[in-house]
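Chemist: One letter stands for each residue in the lines below.
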Amino acid sequence: MIVLVGISHHTAPIELRERVALDASGCRAVLAQLAASGSVREVLVLSTCNRVEILAEAPPSAKCGEVVDAITRACRFPTDQMGKSIYLCEDELAVRHLLRVAASLDSLVVGEPQILGQLKVAFDTAVEAGTVGPVLHRVMARARRTAKRVRTETAIGQGQVSVPSVALSLAQQVFDVLTNRRVTLIGSGEMAEAIALLLKESGAELSLLGRNAARTEELSRRCCGTPHGFEELEQELSLSDVVISSTSAPHPIVSYAQVKRSLAHRRGRSLLFVDVAVPRDIEPKVGELDGVYLFNIDDLSRVTADSEALRGEATRVAERIVDEELAKLRDDARLERSVPTIRALYARMDHILRLEKERSFSGRLRHLGDAEREAVSCLLEAVKKRLLHTPATELRRLARTEPDRAEEALELLTQLFSLHSPVADGQAPEPSAPSPESVDGCCCGGDPTRTEEP
Amino acid sequence: MTLVPYVPLVVVAFYLLASGLFFTGLVSRRPAPVPARWATAVLLVGAVVHAIHIVHQSLVLHVCPVASARFVLSLAALVMVSTYLFHVRGTRRGALGVLVVPFTLALFLASDAVEGRTAVVVGMPRLVLAVHVTVNLLGSGLMLLAAVVGMAYLLESRGLKRRRPSRAVMRLPGLSGLQGWVRLLLRAGLLALTVGVISGAVFSDHEFSGFFRVLRLGLSYLTWLLVGALVVGDRVRGYGGRRLALGAILSGLLTVVVMLLYVLVGRAGGSA
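Order-wise, the sequence lines are chains A and B. Position 436 of the first sequence, counting from 1, maps to 437 under the numbering used here, and the rest follow consecutively. Position 249 of the second sequence, counting from 1, maps to 275 under the numbering used here, and the rest follow consecutively.
Think of the hints as simulated: they come from the structure by calculation, not from any bench. Treat the hints with caution; some may be incorrect.
Which residues of chain B face chain A? A partial, calculated answer using Cβ under 7 Å [stated by the list, open to error]: (1) 32; (2) 185; (3) 189; (4) 201; (5) 266.
Just a sample of chain B residues kept apart from chain A, beta carbon distances all over 12 Å, derived [stated by the list, open to error]: (6) 54; (7) 67; (8) 106; (9) 204; (10) 255; (11) 262.
Being a predicted model, the structure only gives us computed values, none of them experimental. Cβ coordinates follow ideal geometry from the N, Cα and C atoms, glycine included.
My request is simple: use the sequences and hints to build the entire structure.
Modeler: Written out as structure tokens, the structure reads:
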């Protein structure tokens, strides 16, 4: 049973999402807690600025409700929001959701490239924590393949597709061109770097603030910006035209009082804040000040309405790709069910042939030399393969296309060949009824006690 | 040959020059521009000559200040400009010169024309009328345009404030661009309307002959004062785009009312 529990920008406002957002250590703690609970066998935690989702694989005997309870407890999801802001998917729906997330179809900005990297990091974290098994491996591999196909086979990646580009377009909406405009970037993480590079191309005068002086300096060098210490924040607010914040601070770092004080020195110039952090870096009340415009990560989704409409056809093709990959995953899963039986059949045949060879080479055919014995072995192996190839192929075909008939065939095969009962070495399986051919003298499958003159 | 008849002309010339310098200082990008410093000096000279003119009228020509409305207007203008010169310090109050000096000049010209004599612009009433009509039309057009741009600014600002800009809003020019346009149109409109106020004072003897004409005159001055206050306030205190936009819209509305009064009541001569 596969279960997915989560909240995203589609279902929950930023005020709720920032309460349950997890950083790297938080994700590891949740993985450890769920692994220790015994409710799940495999688990993966994805936490980004737009979603917190847990994908878990539980044994068939587990109850879905218990699994969900364990997850919501570990992540501290508010239980009163279940069914409202928190969604639950099982089995195929859960996998489909993951494929769509990986293909950025569920993203704030459809087609954005960051989500696949974030999913990979989440997967690597789960692998390090030892909470990934064959099921999640397979699902994740299919998710990566889906994302790759969507990016290469559709135009979903074209146009305005990233949070940094949306932030830039907002700044241009307020200031037309950004040449000679002062933009202050707070933070020195990956998102801040992506935004900084984009702003550098636009010709803005870049000013970087961060608590990590070394990282801020390095980023400033790469983006031709000017580094500043965090204590210069208020001064920067007076001088800047645009402030973009992307830190991992758990509480707001730009307050209403600070911004209000800075307005006295601005002489009526407009000030744009873009807060892409979760939890938010800028107090929401700041947006109430005259001449100040504040956009958070949720607001950016509304700005992309134009580009999403243009990518409508690409989205449809991408959804089709998701369906195809999901079907392949489904086929693989069905095929998986037939593999043990087919392997058991081959193993049974190998066992029978080995026993018969030993009996014959020590009895009737003891006069054969090494070369002849080798030839007999090859012959038997070839006959085995030729005989079993068609049934195995047909079983795989049935598993993919007619799962019900495949189940029946597997059961019948298991019964006919007693595949369920293990055979100890040296013990011959019960002889089947001799066929007419075998009565006429062919020793294959016949009474092992019969001997014939060579 | 006496220079006395030319004294009013000298006063007008200095006041005009001072107005121009004050306006240049207002629109200059530098915080303490040279033109503004010279404007005060030029105004001072003009005020001194004005004072000489009044003394001459009072003591030599024996004009009675109580009986002569002309003399009262001229004296009021001198008092205004003297008070301004006494209190002006630095750029901030210096910006008010953009309003004070033209108004002083208008009063002075009105004092000269109010009894039917236009000693200052003898022989040029038609030229002055042509200038007056042209700049007023230009100023009115600029005010209407400023009002439209102001409305666009408010629409876009509102959309961005609500964090839900519609597609139409996203297609408008950038907010700072619109703010710049409003600022530019207000300044250009102020210049045009100021010339209109000054040139209109020449015909002020016709302006007090009916309620609607007085109303039109009052609203015209109100529009000019409003625009002047916006431009000066923006320069001195840095008005945000919203305040400028609202002011521009109000100026535009007043302009429409004045134009309607012209159309409905009559357009014979007159000031702004």
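Chemist: State for each hint whether it applies.
Modeler: Do the hints match the structure? See the list:
1. 32: violated (44 Å)
2. 185: This hint is violated: residue 185 of chain B lies away from chain A, its Cβ roughly 9 Å from the closest one there, beyond 7 Å.
3. 189: At about 4 Å, which falls below the 7 Å cut-off, the nearest Cβ of chain A leaves the hint on residue 189 of chain B intact, so it holds.
4. 201: It holds, given that the least Cβ distance between residue 201 of chain B and chain A is near 5 Å, below 7 Å.
5. 266: For residue 266 of chain B, the interface hint holds, since the closest Cβ of chain A sits about 4 Å away, which is under 7 Å.
6. 54: Non-interface label stands for residue 54 of chain B: nearest chain A Cβ at 15 Å, farther than 12 Å.
7. 67: Answer for residue 67 of chain B: holds, closest chain A Cβ roughly 28 Å.
8. 106: Residue 106 of chain B is indeed farther than 12 Å from all Cβ atoms of chain A, at 29 Å.
9. 204: Contrary to the label, residue 204 of chain B does not stay out of reach of chain A, its closest Cβ about 9 Å off (not over 12 Å).
10. 255: holds (15 Å)
11. 262: Answer for residue 262 of chain B: violated, closest chain A Cβ roughly 10 Å.
Figure legend: structure checked against the earlier numbered hints; hints not met, in rising order: 1, 2, 9, 11.
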